[in-house]
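Asker: Chain residues, written in single-letter form:
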Amino acid sequence: MNFTAVSIAMAPEHLLLAGIVSLLVLEIFSDKPDAALPLAVAFVAAAAGAAAWLGFTGYVGAPFPGQFDLTPPASFAKALVLALAVPVLLFSKDDFGRGEFYPLILSSLYGICLLASAESFLTLFLGIELMSIPVYVLVLLGFRRPESAEAALKYLVLSGTASASFLMGASLIYGSTGSLALESFALAMGSPRLLAGTAVVMVVSAFFLKAAIVPFHGWAPDAYEAASVPSTAFMAVLVKVGVLIAAARVFGTAHVAEPLAGLLAILPLASIVWGNLAAIRQAGLRRMIAYSSIAHAGYLFFAFLGDGPGRFQAVMFYLAAYGVMNLLAFAALPSHPVDAERDKLDNLKGLFHTHPLAALLIGMAMLSLAGIPPFPGFIGKFLIFKNVMAAGYTTYAVLGLVGSYLGIYFYLRVIQYMFMTPQAAASGHAPSRGIAMGASLLCLAGSILIAVLPGLFLARF
Amino acid sequence: MADGTILSLVLYLPLAGMLAIAALPAGRGGAVRALTLAVMVVQFLLSLVLYANFDPAVPGLQAATRVPWIPAWGVNYIIGLDGYNILLVVLTTFLGPLVTAGAFSAITKEVKLFYAMVFLIQFAMLGTFVAQDLFLFYLFWEAMLIPMFLIIGIWGGERRIYATIKFFLYTAFGSILMLAAVIYLVWSLWSTTGVNSFAFADLYKARLPLEAQQWLLAAFALSFAIKVPMVPFHTWLPDAHVEAPTAGSVILAGVLLKMGTYGFMKLGFPLFPDATRMAAPLLAWLSVLSIVYGACLALVQTDIKKIIAYSSISHLGYVMLGLVSLDLLGIQGAIVQMVSHGLVAAGLFLMVGMIYERCHTRELAAYGGLAKVLPVYSVFFLILTLASVGLPTTSGFTGEFLVLMGAFNAAWKPGAVTIPLGAAVLAVTGVVLGALYMLWFAQRFLFGAERVPHAPVADLGLREKSILAILLAAVFWLGLFPDSAMKRTELAAREYQELVASPRIPAAARLTGTPQVEAAK
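So the protein sequences, as listed, match chains A and B. Per this note's numbering, the first sequence starts with residue 1, numbered consecutively. Per this note's numbering, the second sequence starts with residue 1001, numbered consecutively.
Same shape as in the complex, but just chain A (with noise of 0.2 angstroms):
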């Protein structure tokens, strides 16, 4: 172990950990839980400026070999999440004015940040329980009412099932190849042999499980409804980041053959296909982002079908593009004295009238997510089903597409809502608060270099 190369290439990691400390201290000892908001955002934006630099300077290391290395691309995934969570901080301020959400925030970021680095299954392990762990907490957090504790345990449990699944996947892959490490896992995919065979489903299955793919998806919409809003958009986002990043890491570039590739279409596609339409039965923002979200996720593991580098670019490219317009909507909903009726579609009606900048911005992340060009949406659905045709699986391409058809309806009806039903009698959402906004126009301005500079961000990955 090098000190000199632990301290730089962990740099981002270690700010994070300083950031965590910080954060437990002021909370012991000061009288002024304001500090909170400023500090958490100082230390991640310092995390993701440290590994955006990182990655510009092209710093490759492994301070853990076998364990933990460095790559400028990791460098760049682990710079896009960071940067990911400073709007989910900064318009987290009216929901959490002070107390236990930074650290939990900064913990659960801590774990992503592992996952962009990890090299064996034991790293990736670690990683997705320190992401995983804080998130369970943050379902519960602020408890506004009684069907949280049910959708936080809900969560808890099927996350359990799924980390029990990939240790079990894990374990039978250094059963079958005798190593650890993740390249194990591409053998372990070509392999005739059912142990291997068996493995590679069970590690499939759990990431299919915590990025609730259909059928194990049922926890998604519980646990998005329960929680609070910057904790539902950290889980849409931030969570399903670092899954998929943890399964891009896992797949690395090799090829999917069948009859893996099946697997990794139709799952998927039922996904699409069940997201977008039950979506549209939904009475809240919330729930209604959680099934687009089980959505995206098949689009999501549409790329896997893909391979070589432009997989993980496809993987990242689409990350982005999703997790800015995502947080744009959560961003941009104004306020609510009453929780529940925050994002309840019915309340939305007329927001022009009342919040114009806010509905245009909500209106143009529901056109992103419904992946209507030129959004950039429209920009990583495109790259990703290019991969995918040109790995050779036409049909699955064609199919995917259609599916992602069913989804635009719902997305329009928040337009409808928004801007062409009259206002609803009393929605009561609050004045737009000049923090969250400035968060929103955050997020537009990364989506208007998305849209514009694609290439911009490919060029990283």
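Source of the hints: derived by calculation from the structure; they are not laboratory data. Accuracy of the hints is not assured; some may be wrong.
What the hints assert, rightly or not - Computed cross-link-like contacts, SDA-like style, restricted to lysine to any residue with a CA-CA straight-line distance of at most 20 angstroms:
{"no.": "1", "chain 1": "B", "residue 1": "K1413", "chain 2": "B", "residue 2": "F1476"}
{"no.": "2", "chain 1": "B", "residue 1": "K1109", "chain 2": "A", "residue 2": "P356"}
{"no.": "3", "chain 1": "A", "residue 1": "K349", "chain 2": "B", "residue 2": "R1159"}
{"no.": "4", "chain 1": "B", "residue 1": "K1109", "chain 2": "A", "residue 2": "L194"}
{"no.": "5", "chain 1": "B", "residue 1": "K1465", "chain 2": "B", "residue 2": "A1449"}
Once you have looked at the hints, place chain B on chain A.
Answerer: Below, chain B alone, put in the same frame as chain A:
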């Protein structure tokens, strides 16, 4: 100023205008209207410079701008003018100020958002016409949906939400299959030739196997046929037209529908020529079906807007017939017919809007004898009716006549037949039907016993008279002096004919019976 710069200015002026009115304070409706009109007029004048500078003797792109955009995917930002789009660009910028002025009195709520959306759709439509890269084209093509969705949905009639969602979902379905086809097309070009490009010029060189061509043509054609719309993909159009505010109808009929025919002409047919020639008889029959069925439906409507909506379906059937004929006259006629329909239908929708503002009903039965009460209105309406019917000296005549000539040339041509003779003959009956429904409509509307809801009503004001006079001037200009326009499109028409009529792959030459140029080499 170089032409390339002017074209960029023309394209981006609406975007600048949109940002400018977004910056204006709320409640300044008058300023918003004046600013929009001013920007639209400047845009039109600049496009006239482009039209004047357009050299009819130079093939290929003029006033082009080429910038690499996403090099890894072979996406380039290429815009430019050619014979395919020059008239449509001018048509779009010409209708811009008229649409704006036409909406002054009709749009009184959310004025800022309305003109912002008019600007946005103007930008997207121009972008679709001038884009010379498939990725760029697709972005603009889809971007058109959003402002139209809002224009119909916010300022439309009673069933506006049903109509606008139907419009969006119909067109988006076509687009999603087109997207799959675009990706497949570019990927197969790359995998067979190593050229990684979305540029139209490169895609024309793709030599796809016939089966792939057929699938891709089907995907592109579905998307374009929904937009045109061709029977049987037309059912969104009457709803959208009836519910849209006047400005929305004018944009829809004037420009948006031409996107479909332009797409066929620029992409659908030339990209997959062998499949196109095989499908030509089917496409010809569908075009004739659109002509006749659209006319029959127009005959029985009781809603004024619906009559004109169905007449659009019928008129665009001629455009398709001309394109399918692969005869030079037919192709030229199709292009003229696109512009002509853009002018005439826009005028008719504007006039329906004017009477609706006064009388608040679109029921034909509620009207009668307007000629006595509103003489100026009636004169304008009658002239537009005659132009729609295709009276010689109006633009409608030039277009329809050339298309029918082309259709018969194609039907009688020895060898490969793109248009069956029966289809050509049936298309002529469309002219008779067209005269029947339009003249009968005018007779019930303008003459007979006097019936005017909400009487007394005032005749046209100066603003309305000027809008219509300008429109009619263009209609007669294109009818009397089509030469100026047609010489600019001639090279493009020849190029289109050459691209579609000559076999791209040797096997297709045998299948479609055209001379084996490739195989002989």
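Asker: Taking the hints in turn, state whether each one holds.
Answerer: Tested hints:
1. B:K1413 x B:F1476: 33 angstroms, violated
2. B:K1109 x A:P356: Since the Cα atoms of K1109 (chain B) and P356 (chain A) sit roughly 14 angstroms apart, the hinted pair holds (cutoff 20 angstroms).
3. A:K349 x B:R1159: Holds, at roughly 17 angstroms.
4. B:K1109 x A:L194: Measuring from Cα to Cα gives roughly 68 angstroms; hence the hint is violated.
5. B:K1465 x B:A1449: Roughly 25 angstroms separates the two Cα atoms, so the pair is violated.
The structure fails hints 1, 4 and 5 (numbered hints given earlier, in ascending order).
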